[in-house]
Amino acid sequence: MPTTSPSPRPPGAHSHLKDLDYSVVQQCMHCGLCLPTCPTYDATKIERNSPRGRIALMRAIADDRLEPTAAFADEMYFCLGCLACMTACPAGVNYAELFEHARAEAEQSGVLNAPRRTAIRKFTLEWLFMDQRRLQWVGAAMRLYQQLGLQTLVRKSGVLHLFPKRLRELEVMTPAIQSKFSDELISPVTPPVGPKKYRVAMLTGCAQDLIFSDVNRDTVEVLARNGCEVVTPPEQLCCGSLHAHNGEWELAQQLARKQINQFPPEKFDAIITNAAGCGSHLKHYAKLLAGDPAYEKRAHLWDDKLKDIHEWLAHIGIAPVANNAAPPQVVTYHEACHLCHGQKITAQPRQVLRAIPNLKLVELPESTWCCGSAGIYNLIQPEMANDLLDRKMKHIRSTRVKIVATANPGCLLQIINGAKRENLPLRVAHPITLLAEAYRQSPS
Amino acid sequence: MPLGENILSTLRQIVGRENVLTEREDLIPYSFDGTAALQQMPGCVVFALSTAHVVAVVKLANEAKLSVVTRGSGTGLSGGSLPNRDCIVLCTVRMDKILELDRANLTLLTEPGVTTLRIADAATDANLFYPPDPGSMKISTIGGNVAENSGGLRGLKYGVTRNYVMGMEVVLPNGEVMWLGNKCVKDVAGYSLKDLFIGSEGTLGVITKVLLRLIPKPTAKKTMVATFSQMDHAAEAVSAIIAAQIIPCTLEFLDRMTIHCVEDYAKIGLPLDCEALLLMETDGHPAVVADEATRMEKCCRDCGCLEVRVAQDETEANKLASARRSAFSALARVAPTTILEDATVPRSELARMIRFVAAIAKKYDLKIGTFGHMGDGNLHPTFLTDERNHAEMHRIEEAFKEIFAEAIRLGGTITGEHGIGLAKKSFLPGFLGDAQMRVLRELRRALDPNGILNPGKMFD
Numbered sequence: 001m002p003t004t005s006p007s008p009r010p011p012g013a014h015s016h017l018k019d020l021d022y023s024v025v026q027q028c029m030h031c032g033l034c035l036p037t038c039p040t041y042d043a044t045k046i047e048r049n050s051p052r053g054r055i056a057l058m059r060a061i062a063d064d065r066l067e068p069t070a071a072f073a074d075e076m077y078f079c080l081g082c083l084a085c086m087t088a089c090p091a092g093v094n095y096a097e098l099f100e101h102a103r104a105e106a107e108q109s110g111v112l113n114a115p116r117r118t119a120i121r122k123f124t125l126e127w128l129f130m131d132q133r134r135l136q137w138v139g140a141a142m143r144l145y146q147q148l149g150l151q152t153l154v155r156k157s158g159v160l161h162l163f164p165k166r167l168r169e170l171e172v173m174t175p176a177i178q179s180k181f182s183d184e185l186i187s188p189v190t191p192p193v194g195p196k197k198y199r200v201a202m203l204t205g206c207a208q209d210l211i212f213s214d215v216n217r218d219t220v221e222v223l224a225r226n227g228c229e230v231v232t233p234p235e236q237l238c239c240g241s242l243h244a245h246n247g248e249w250e251l252a253q254q255l256a257r258k259q260i261n262q263f264p265p266e267k268f269d270a271i272i273t274n275a276a277g278c279g280s281h282l283k284h285y286a287k288l289l290a291g292d293p294a295y296e297k298r299a300h301l302w303d304d305k306l307k308d309i310h311e312w313l314a315h316i317g318i319a320p321v322a323n324n325a326a327p328p329q330v331v332t333y334h335e336a337c338h339l340c341h342g343q344k345i346t347a348q349p350r351q352v353l354r355a356i357p358n359l360k361l362v363e364l365p366e367s368t369w370c371c372g373s374a375g376i377y378n379l380i381q382p383e384m385a386n387d388l389l390d391r392k393m394k395h396i397r398s399t400r401v402k403i404v405a406t407a408n409p410g411c412l413l414q415i416i417n418g419a420k421r422e423n424l425p426l427r428v429a430h431p432i433t434l435l436a437e438a439y440r441q442s443p444s
Numbered sequence: 001m002p003l004g005e006n007i008l009s010t011l012r013q014i015v016g017r018e019n020v021l022t023e024r025e026d027l028i029p030y031s032f033d034g035t036a037a038l039q040q041m042p043g044c045v046v047f048a049l050s051t052a053h054v055v056a057v058v059k060l061a062n063e064a065k066l067s068v069v070t071r072g073s074g075t076g077l078s079g080g081s082l083p084n085r086d087c088i089v090l091c092t093v094r095m096d097k098i099l100e101l102d103r104a105n106l107t108l109l110t111e112p113g114v115t116t117l118r119i120a121d122a123a124t125d126a127n128l129f130y131p132p133d134p135g136s137m138k139i140s141t142i143g144g145n146v147a148e149n150s151g152g153l154r155g156l157k158y159g160v161t162r163n164y165v166m167g168m169e170v171v172l173p174n175g176e177v178m179w180l181g182n183k184c185v186k187d188v189a190g191y192s193l194k195d196l197f198i199g200s201e202g203t204l205g206v207i208t209k210v211l212l213r214l215i216p217k218p219t220a221k222k223t224m225v226a227t228f229s230q231m232d233h234a235a236e237a238v239s240a241i242i243a244a245q246i247i248p249c250t251l252e253f254l255d256r257m258t259i260h261c262v263e264d265y266a267k268i269g270l271p272l273d274c275e276a277l278l279l280m281e282t283d284g285h286p287a288v289v290a291d292e293a294t295r296m297e298k299c300c301r302d303c304g305c306l307e308v309r310v311a312q313d314e315t316e317a318n319k320l321a322s323a324r325r326s327a328f329s330a331l332a333r334v335a336p337t338t339i340l341e342d343a344t345v346p347r348s349e350l351a352r353m354i355r356f357v358a359a360i361a362k363k364y365d366l367k368i369g370t371f372g373h374m375g376d377g378n379l380h381p382t383f384l385t386d387e388r389n390h391a392e393m394h395r396i397e398e399a400f401k402e403i404f405a406e407a408i409r410l411g412g413t414i415t416g417e418h419g420i421g422l423a424k425k426s427f428l429p430g431f432l433g434d435a436q437m438r439v440l441r442e443l444r445r446a447l448d449p450n451g452i453l454n455p456g457k458m459f460d
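Listed in order, the protein sequences are those of chains Y and X. Counting in the numbering used here, the first sequence tops out at residue 444, every number present. Counting in the numbering used here, the second sequence tops out at residue 460, every number present.
Calculated directly from the structure, the hints in this document are not laboratory data. Hints may be right or wrong, so weigh each one.
[As the list claims (entries may be wrong)] Each computed DSS-like pair below joins lysine-lysine, with the alpha-carbon atoms no more than 25 Å apart:
#1 Y:305 to X:267
#2 X:97 to Y:45
#3 Y:344 to X:267
#4 Y:45 to X:209
#5 Y:283 to X:267
#6 X:217 to X:157
#7 X:319 to Y:344
#8 X:157 to X:298
#9 Y:305 to Y:344
#10 Y:394 to X:97
Remember, it's a predicted structure, so these values are computed and weren't measured experimentally.
From just these sequences and the hints, can you work out the full model?
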């Protein structure tokens, strides 16, 4: 009977997958129950494109049966990282951890190195997203481009046809930059409305700060309405999820340490995030900083204090909204992957929506199926991302609603673009924005 | 010997370039199925889209004397779809159309790559019922179910896949296409070749279409959970229920270890302070359901159960059933390697067999979780180990030898629903005896003279 037996590691070799506790890869007993929940396997029916197949490749590397190759690396980037497989897996495989290590392995091996890719990665991951001020400058420049009518001019002039098709498509997807960033909308300390029950910190994020600073403002308002004193330092940074999900493990660690320094977890009742993707990463700093003598212990406390906004509100009890406050609205809810699969938060956002008077919640078919945004996936895998967006839009149309609620900047953008593409008059909003609106209409 | 370039290019011509995989990164994920600790690299993977594709691939392989291993979703638990070294894996998942649902005859005609769940859903949509429900039904394909004669949680009352196959299209190793069976409820023309192919584990032909029997949907259903402080009491309750001539649709049990793992995954509030749990379901006419439920509850109470809980609604009932379906995978939470068996005994011998398995685990110092289809005597003792622990793996092998010997001694069988494949090949001759083995070999040789289909599986 042939059996697998991992060969001993060559002395001195460093590898993310080989250094990983072997039992994590071994945990997959290839029962296949993840397959029907994987969007990429569903599309191609090829094992390699499934969680079971990808784990087999990771294990082959850990076993020295496969070198990290370009095909391996491509496969790791074909994975959306939606983590639907983790919800489906009865064996409890930690795919999120495997996936991050596999991408780090791919990066470390250099098999995907190409001058353009390296330049883009250096610019974004190593420079732009390491400092929120830089991101704000770029954001301000884009805002200028959009506000001065240049974008319209450029689009109308047809000059874009001089550029490759892919770039033209990207230009259309450029999100509208907010006229004010979070630090211009939110005071460093927001007092609670009524008696102070909690003291919380608010993470304004990186992309969220540029594109959805209004959602950050709404979140702070809602927190204040719920008896929280909200600390929102004007200068903030990226949580590092972008880095961890794209194989830059050490940069992610750097950012995690800075976050812990800026928001000492012992000083707050909770540290609040309103972006699903960030939250999913932010809750695992202890794993990221394991073995770091100065930070490991505080990272555990950090993980305990880190709360998604819906989770926190459901935990402390949502302050009621006056009944006559809101106009009737019909809303459906798309579940961001990293909220439902990454953080297992599915009931709480619905609780938030149901707390709004006159709001009717219509369930979205396949609400937990990825919309294709998946971080920067829609930029690097446009075809697959588009297929998933089509599928999502089909379901949204079937509900006949005018408002879609979802709690992640990537999903918000993706669905906004989907509606634009189909000329569908659809409002896409964060659930907290809807709640904030209801509070505003309700006397405090 | 690796497949030659000319064979690969012919395969590409037959099914199209995009339906042939040859890269190492593509093949590694096909080097195993759902069976633990078995692995072997294929030569290539070919996706067939039609019967014509299957015919051409099989003919080519037969002429070149290359081995072909047919595979659906690779969820098998006996190594039946494990590739032979350098073989052609013939994958049917892209033959995934339901071709016809005949309401007048209550039949469903399907391609082999359709998942069991989709078939069950299609039947439900027509207000009909397809009862076989293997644990992996979310992803297992109907072709694989027929080839392995899969069982499931409802086997006790409704039988297994075999009881629902009315006909099938099969491609023989020489490329000939046969239709076996039809929509007639009665048909006694010739040998029942259809039955020969059901459970043939991909060794006699490739199944390319399946005609399934559907039945009326039961109008009522009741799901209950009973807990016991001792395994023996649960086994006695099962015997009492059967002896009372009640045939519930489901009568499943989980031991303490399995209950904890399942609860850890599914979080549905299973009681954790018991040694054994029975999941019982009765379906049919509402009056019968009510009567059976009451009598089953009484049987459990008479056997000293701790508690009987009745599912309040369909959602809760479904949660309980799907939690049970995840039992095998959930056990992997305890140890990295789970080796699952499906020794089966006559129902009257259940309590004795369960005691024996526990004693064997103790004797060989092994960790074991046991769950299974108590109602039909089909046990799944699952050893929880680490495949890198060679000494323990060896003790597990010895333990299984004793378990199978005991099952046979009690009038049972070495596999209730997973098949022989590679995993239990060595036990087959001892179980069947010389005459049966000779007939099996002659049948196989008659149909597959060059031995190209799934060679080395089931028996040599």
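Here is what the structure says about each hint:
{"no.": "1", "hint": "Y:305 to X:267", "result": "23 Å, holds"}
{"no.": "2", "hint": "X:97 to Y:45", "result": "14 Å, holds"}
{"no.": "3", "hint": "Y:344 to X:267", "result": "12 Å, holds"}
{"no.": "4", "hint": "Y:45 to X:209", "result": "19 Å, holds"}
{"no.": "5", "hint": "Y:283 to X:267", "result": "21 Å, holds"}
{"no.": "6", "hint": "X:217 to X:157", "result": "14 Å, holds"}
{"no.": "7", "hint": "X:319 to Y:344", "result": "17 Å, holds"}
{"no.": "8", "hint": "X:157 to X:298", "result": "20 Å, holds"}
{"no.": "9", "hint": "Y:305 to Y:344", "result": "16 Å, holds"}
{"no.": "10", "hint": "Y:394 to X:97", "result": "22 Å, holds"}
Checked against the numbered hints listed earlier, the structure breaks none of them; every hint is satisfied.
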